[in-house]
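A.B. asks: In case you want the letters, here they are:
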Amino acid sequence: MGSQGVGASVRRKEDDRFLRGKGQFIADLRLAGMKDVAFLRSPVAHARILGVTIPDECRSAVFAAADLEGVKPIRAVSGLPGFKVSEQPVLAQGKVRHVGELVAMCLAPTRAEAEDLAGAVSLELEELPAVHDMLAALQPGTALLHEHWGDNIFLETFVDVNIEAALDAPIKVTREIRTARQCMAPMEGRGAVAVWDHRLGQLTLYTSAQMPHINRTGLSECLGLDHGQVRVVAPDVGGGFGYKGILLAEEVCLAWLAMRCGHPVRWIEDRREHLTAGSNCREHHYIITGYADRDGTLRGIDCEATVDSGAYSAYPFSACLEAAQVASILPGPYDFPSYRCRTYSAATNKCPILPYRGVARTGVCFALELVIDAIAREAGLEPAEVRRKNLVRPEQMPFDNITKKHFDSGDYPESLRRAVAAIDLAGVRERQRRGEPDGRRIGVGMAVYCEQAAHGTSVYAGWGIPMVPGYEQATARVTPDGGLELRVGIQSHGQSLETTLAQVANEILGIDIQKVKVVHGDTEYTPYSTGTWGSRCMVMAGGAVAKATEEIAGRLRAIGANLLQAEAAEVTLEEGHVVGPKAAVSIAEIARTWYLRPQDLPYGVHTGGLEATVGYRPERDSGTFSYAAHAALVAVDAEMGDVEILDYVIVEDGGKLINPMVVDGQIYGGLAQGIGTALYEEMPFDASGQPLASTFGDYLLPGPTEVPAPRLDHMETLSPYTVFGQKGIGEGGAIAPPAAIANAVNDALRGIAVEITQSPITPRRVLEAIHGSRAREQARASAGAAS
Amino acid sequence: MKPARFDYERPADIRGALSLLGADGAAAKVLAGGQSLGPMLNLRLVQPELLIDVTRIGDLKRIEDRADAIVVGACVTHADIEDGRVPDVTRGALPGVARNIAYRAVRNRGTLGGSLVHADPAGDWLSALAAIGAEAMIVGPSARRTVPVEDLMLGVFDVSLEPSELLEAIRIPRLSASARWGFYKVSRKTGEFAHAIGAILDDPDRGVCRAVIGAIDAKPIVLSDARPLFGGGQSAERAGSFRPGLADELLQRAGITDPIARQIHIVALRRAVIQASSR
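Chains as they are written, first to last, in the numbering used here: chain A, 1 to 787; chain B, 1 to 279.
With the rest of the complex left out, here is chain A (with noise of 0.2 Å):
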C-alpha cells in the first residue's frame, strides 16, 4: 500500500474527462424541449418602481413579481444581536436597490429571443439617490435602502479585551487601508437548468452549485415545496470560490417557471450579468492602530472595520458574516495582550457581498500586515524581525488566542524562519544598497496568516445563520465485483475530490483509487451536507470517508474470516485483501460472494452487508489552523508606477498532506487570485452606483504571464483532532499575497517615503503616491524656507 494512500501524489481522476473536453458543465445540457430565460434587470442602482410595462404579444412569456404568487423572498438572518433582516424579493418588488437587480423573467426558443423580449419591456423608475459608498452609507441624512431599519447597518459589533493597557505604548501607528471590491470570476459562471418531472413530483434544478443541500433547503423554503419534491444536481462544476454557494434569486425563478410551463428552461450567465450584478467580494475598510515596544513587541491593535455588504443579505452566510469575521480574525497568527474592534456591515446600492476564498481573511491579513510593516518602519527594525518577537510560538500550542480561536498546531516562527531564508532576504538588502541597472527599486515584503478551516457547529451555531454543519456523512459501497462507491454530500469543483477522497478510501480498505467512485454533487443521491466552503472537505468529506471504510472494513474482515474459517480477531485487511493464518481472500471474492452467492455464509454473518452511512465530526471542531509565510520580491517602476513580481517563496503547513501535489495547485490557483486582489482586480462604481468595469476588457485578471512559478515549500504539523492530521488548506494561497505585495511595494519605496495602503496596487496609486510624496516634500522645503 502507500503508493496510492494518504499522502501519494497521484494524478487527478478527473482530468481524463475534463482534458478531453468531456466534461458535463451546464451549459452542456441538453434537455427536449428545453428553452431560455434572459432577465430584465434594473438599469439604476436606487428607484422606486413605478410600473413594468410588458406588451401584449408577449405578455405569456414575461413574469413581473406580481406573477410570482406563494414565492417567499430570499431571508438570510443571524442570529447575532442588532443583525437587521434584509427580505430580497426573487424579482423586484417596489424597490430596485442595486445595477443588475432582477425586475423580469423572459423566456423564448433561444437566448437572443428572450433578450429580444426583455429589450421589449418598459420600466418606469423614480431614481433615488443611491449609496455608493460605505462609509456614506453610515452617515446619519443618507438615502435609506431599506427604510424601516432607519439606518443602512446591518449589523454593528464590538470588542474591547482590555486595550487601555496598550495605549501608552511608545509606539503608535495609525494607517487607513481599503480594499477594492472585486468580482471572482470562476471560468464557469453560474447557470440553472431547472425540469418538473410529474411522475415523480418533482422539481430538478441543475445549478452549477458547491452547495446542492443547501440550495435545496433554501428553494423548498422559498417556493413552499417539500424536500422530497426538490433535487438539486451540480454536474461539473467550473469553479466556485464561493460565488457559487449562494442560493441564487434566478434559481428560484426558473424552479417557479419549470413547475409552470411544461417544459425545461435554462439560464445560463454572462459575463456581464456575472461582473456587474452577482459576484460582488472583499471591499472593506480599516482605520486601524497598532501600539508596540521599542523592540517590536506588539502591546494591541485597535480597530474600526466597515465591510460594504450590498443591498441584501445572501443566503446562506448573511450580510454580516464577513465583517462579524473581521473581528475575530484580525488578531492573526501573533500573540498580544490588548484588542478593541468594531465592525460595521454596510448597506450600500450594489449587489450583495458573497464569501471569497479566504472570506475576510485576505482583507484582514492586507491591513495587519500592514501595520506590522508601519511598525517595524517606526521601531527601525526588520519587518521579519517584528513578526518573529509576535508570532506564536510553537511550544505554546494547542493556543487560544485574544479572540478565543484555538490554534490546534504548528510552528509559526519556522514557517518565517524559511521563508526569509529562501527569498535571501540578507541578499535583497545588499542588492538594494547597490541598486539596479534599470533604474527600478526592488522591494522584498512578507506576511503571515493562519487559517481556520473545516470550523464545524461548535462555530457557527454562535453566528446563528441558516445553516450550521454538524456532523458530515459519506456513504461507503462495496460493488459485487469488488469495487467501492463512495457518495459524498459536497461537490469537488477544482477541489480534486474524486481522486483525494478515493486515496482515503484507499488507505484504509486498499482498493485501487481506478476502481473507487465519488459520487458527489446530488441530493438524490448523496447523504445531508452543507457542501464545499470553508476549506473543509478534506477534513469533514475525508473524515466521513474513512471512518464510513473502516466501518465497511470491519464488515469485511468479518466475513472474510468466515470464509476463510479463521475467528475474526485472527485475520487483517491488507492490499485489499482479508488475511488469515493460513490463507487470504480478496475483497473481489468477498464481495461476490456476499451479493451473489449468499448460500456460501451462515446465516446472520453481518446483516448490514457491505454499505454503510457513517457521520463524522473531529474530536473538537474549533476548526484547524493551516498556515503560511509568503515572501515577495518586486521590482516597482517609479516612472510608470508598474509592479512586477521578481520572486515569490510561500511557506505554507496544512498538516497531513493526503495528495502533495493537488496541495501545489490549490496554492497555485489560490496566488493567482491573491496576485489579482494585489495588482489587477477591482470594481469601481460610480457616485449613481453603476458598476463601471463591464467586460474583462475593464476587469483586468491576472493571466499567466502575470502570475510567476512561485517556490513552495511544505512543513507538516499534524492536527491533533482530524483523521490523519489533515488540515483545511484550499483558501489559503489567496489570503496573503496582497498583504505580502504591498509591502514589498512600500519596502521598495521607503526611501522616497511612499507608502500604500490601497488594493489593487494600480500604476494609478503607485504614481499618486508619488506625487503626493513629492508635493509633501516640496511644501516642507518652501515652509523650511519660509522660516
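For the record, the hints were derived by calculation from the structure and aren't laboratory data.
Be aware that a few hints might be false.
Stated by the list, open to error - To list a few chain A residues with every Cβ distance to chain B over 10 Å, as calculated:
id, residue
1, Arg-272
2, Met-661
3, Thr-762
Said to hold, decoys possible - The calculated DSSO-like cross-link candidates involving lysine-lysine, where the alpha carbons are at most 30 Å apart (straight line), are:
id, chain 1, residue 1, chain 2, residue 2
4, B, Lys-189, A, Lys-95
5, A, Lys-582, A, Lys-515
6, A, Lys-13, A, Lys-517
7, A, Lys-22, B, Lys-61
8, A, Lys-22, A, Lys-35
9, B, Lys-29, B, Lys-2
10, B, Lys-189, A, Lys-35
11, A, Lys-517, A, Lys-656
12, B, Lys-189, B, Lys-219
Bear in mind the structure is a predicted one, so any value in this text is a computation, not a measurement.
Every residue, glycine too, gets a C-beta built ideally from N, C-alpha and C.
With chain A fixed as given, assemble chain B onto it according to the hints.
C.D. replies: Just chain B, lined up with the frame of chain A:
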C-alpha cells in the same frame, strides 16, 4: 449577451461588397475578423440590419511588393504579419508590433483593416502605422482614394470613410537600411489594450523622422516632423537630446489635463526613443 437580429451576406468580391454597402451603407456593418465587432454585437452596442462579411474576398488579402512600399490587403491578419507571411519591409518593426497585439487567438482572426476602421485609439495599428507613414487605400462605388493613416481616423470609433466606401488596402513604405524604430506600449497585463503608446521612426536616408503619442482617448498625436523633439537636429540619434517638455505641451494642447496620464505618455515616448537609438 447575444446579438439582436441581423441579416448576413458574404460577397465574393469587392464589387459585391460595395453594392451591398451602396444599398444602405448606414444600416450595414462590415465584418472582417470580428474581434471588436463580435463583442460589440453581443453587447448590443451596435445593432446593424445587415452584416457584410468580407473575409471571402480574395482581393482584400492580396499582397503587392513594390520597390518603395508593400501594399497589404485590409483583411490580412495580425498573425500573417507576426509570422512573416507578409514580406517585411520595415526591418522587423511591424512584426514586432503584431506580436504584442492582444492574444494569439485574437491575432489569428483580427485584421489590419478592421483594426484601423474600428478606430479604437487604444489599438496598436493606428499608432504604429501612423508612425511608419502608412497610407489607407479606400475604394468607393466610383473611385479610389488614398489618405495617410492618421487622417483616416476622425475621432474615437469614427473614421473618414463614407458609408458607401470600403478600406481596401494599406500601403506601408519600405524603410531604408539605416532606419531606426521604437515602439513602446503601456498596458497593465499581457494582451490588454494600450493605456499609452509611444512610437518613433527615424529614417534619415529617406528624410523621415516621425513620432506618435497614441492611446490618448482621441486621435493619436502625430508628428510628421519629430525633429523638434530632439532640439531640431537632423535625427533622433541620441536619446539624451529628447525634450519631454515639448511632448508635455502637445499633450496639454490635446486636452490631457491629468499630470499622471501625461507622465505615462511622455515616459512611453522617451522609452520608444531609447529603443530606437539603441538599435
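A.B. asks: Hint by hint, note whether the structure agrees.
C.D. replies: Results of checking the hints against the structure:
{"no.": "1", "hint": "Arg-272", "verdict": "violated (6 Å)"}
{"no.": "2", "hint": "Met-661", "verdict": "holds (27 Å)"}
{"no.": "3", "hint": "Thr-762", "verdict": "violated (7 Å)"}
{"no.": "4", "hint": "Lys-189(B) - Lys-95(A)", "verdict": "violated (40 Å)"}
{"no.": "5", "hint": "Lys-582(A) - Lys-515(A)", "verdict": "holds (28 Å)"}
{"no.": "6", "hint": "Lys-13(A) - Lys-517(A)", "verdict": "holds (10 Å)"}
{"no.": "7", "hint": "Lys-22(A) - Lys-61(B)", "verdict": "violated (37 Å)"}
{"no.": "8", "hint": "Lys-22(A) - Lys-35(A)", "verdict": "holds (23 Å)"}
{"no.": "9", "hint": "Lys-29(B) - Lys-2(B)", "verdict": "holds (17 Å)"}
{"no.": "10", "hint": "Lys-189(B) - Lys-35(A)", "verdict": "violated (39 Å)"}
{"no.": "11", "hint": "Lys-517(A) - Lys-656(A)", "verdict": "holds (23 Å)"}
{"no.": "12", "hint": "Lys-189(B) - Lys-219(B)", "verdict": "holds (23 Å)"}
Of the numbered hints stated above, those contradicted by the structure are hints 1, 3, 4, 7 and 10, listed in ascending order.
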